[in-house]
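Enquirer: Residue numbers (my numbering), protein chains in the order written: chain A, 148 to 278; chain B, 148 to 278.
Hints are not guaranteed to be accurate.
List of simulated lysine to any residue pairs, SDA-like, C-alpha gap at most 20 Å [to be verified]:
{"hint": "1", "chain 1": "B", "residue 1": "238", "chain 2": "A", "residue 2": "157"}
{"hint": "2", "chain 1": "A", "residue 1": "202", "chain 2": "B", "residue 2": "158"}
{"hint": "3", "chain 1": "A", "residue 1": "238", "chain 2": "B", "residue 2": "202"}
{"hint": "4", "chain 1": "A", "residue 1": "238", "chain 2": "B", "residue 2": "253"}
{"hint": "5", "chain 1": "B", "residue 1": "238", "chain 2": "A", "residue 2": "156"}
{"hint": "6", "chain 1": "B", "residue 1": "238", "chain 2": "A", "residue 2": "254"}
{"hint": "7", "chain 1": "B", "residue 1": "202", "chain 2": "A", "residue 2": "159"}
Simulated restraints, written as ranges between beta carbons of each label pair [stated by the list, open to error]:
{"hint": "8", "chain 1": "A", "residue 1": "187", "chain 2": "B", "residue 2": "159", "range": "26 to 32 Å"}
{"hint": "9", "chain 1": "A", "residue 1": "185", "chain 2": "B", "residue 2": "211", "range": "21 to 27 Å"}
{"hint": "10", "chain 1": "A", "residue 1": "211", "chain 2": "B", "residue 2": "152", "range": "25 to 31 Å"}
I should point out that these hints are in silico values taken from the structure, not numbers from a laboratory. It should be emphasised that the depicted structure is a prediction, and the values quoted were computed from it without experimental measurement. The beta-carbon is built from N, C-alpha and C at its ideal position, and this holds for glycine as well.
There are 2 protein chains.
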Amino acid sequence: MFIELDLQSETPIYTQLVDQIVEGIACGALQPGEQLPPIRSLAEDLGINLHTVNKAYNLLKQEGLLQVHRKTGVIVQPGEMPGVTEAFEEKLRRQLRSLAAAAAVRGMAEEVFAQESRSVYRDIITNRGGE
Amino acid sequence: MFIELDLQSETPIYTQLVDQIVEGIACGALQPGEQLPPIRSLAEDLGINLHTVNKAYNLLKQEGLLQVHRKTGVIVQPGEMPGVTEAFEEKLRRQLRSLAAAAAVRGMAEEVFAQESRSVYRDIITNRGGE
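Working from the sequences, and respecting the hints, build out all of it.
Expert: Now the structure itself:
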């Protein structure tokens, strides 16, 4: 699994980790049932705290994207992925709202904002099956 | 200025404050040159820490959306708003990417994601000049 962290970023490390795992699943780089590195070894590889990896894994477990087994370790959800729940939609809209407001204030037009959203989504998906 | 905070939210208070001020500017509820409450009184009104308000105001000042004057206090940028810089576009795309990946994993189609983005943007803008 290829993870790239920006330790200078204002985005918390665990959030970057969550984002990259989710993106990996979305683009197919991480397959259902695929094993993720154990907490300790991922923390060592990335030079970050155990708790940071643990926090990211736990969040993804709570969201139903990962499963954590005592024996087999951490794997990508092998069964059905969580769908678009009402809670997810609400959170998504709240976060999009924040981005849309920032874009609108800077004079980015609705059409451009929608187009950016579309192109970013497409960009992730077209990496599916890629290297 | 109407600010509503969710103290139970996982979103930090200062971020919520930043978001709502930006949205206020985007929808026209906050006009260029308009005075914002002094740090101390806003903190008291909202029952939050001085430093939290200070952090939000400072961030918005750095982004060029607010001006902070010794004498006249905090006002909405009366001159030209910052435009869509390369740095802004990069940050926007990174944040959209995180949302798009989460949506894609849950099976939300590209079209639906783009439509959500558009509708959220429109929603903010159509509040312009509203109550």
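Enquirer: Provide an ascending list of the numbers of those earlier hints which the structure does not satisfy.
Expert: 3, 9
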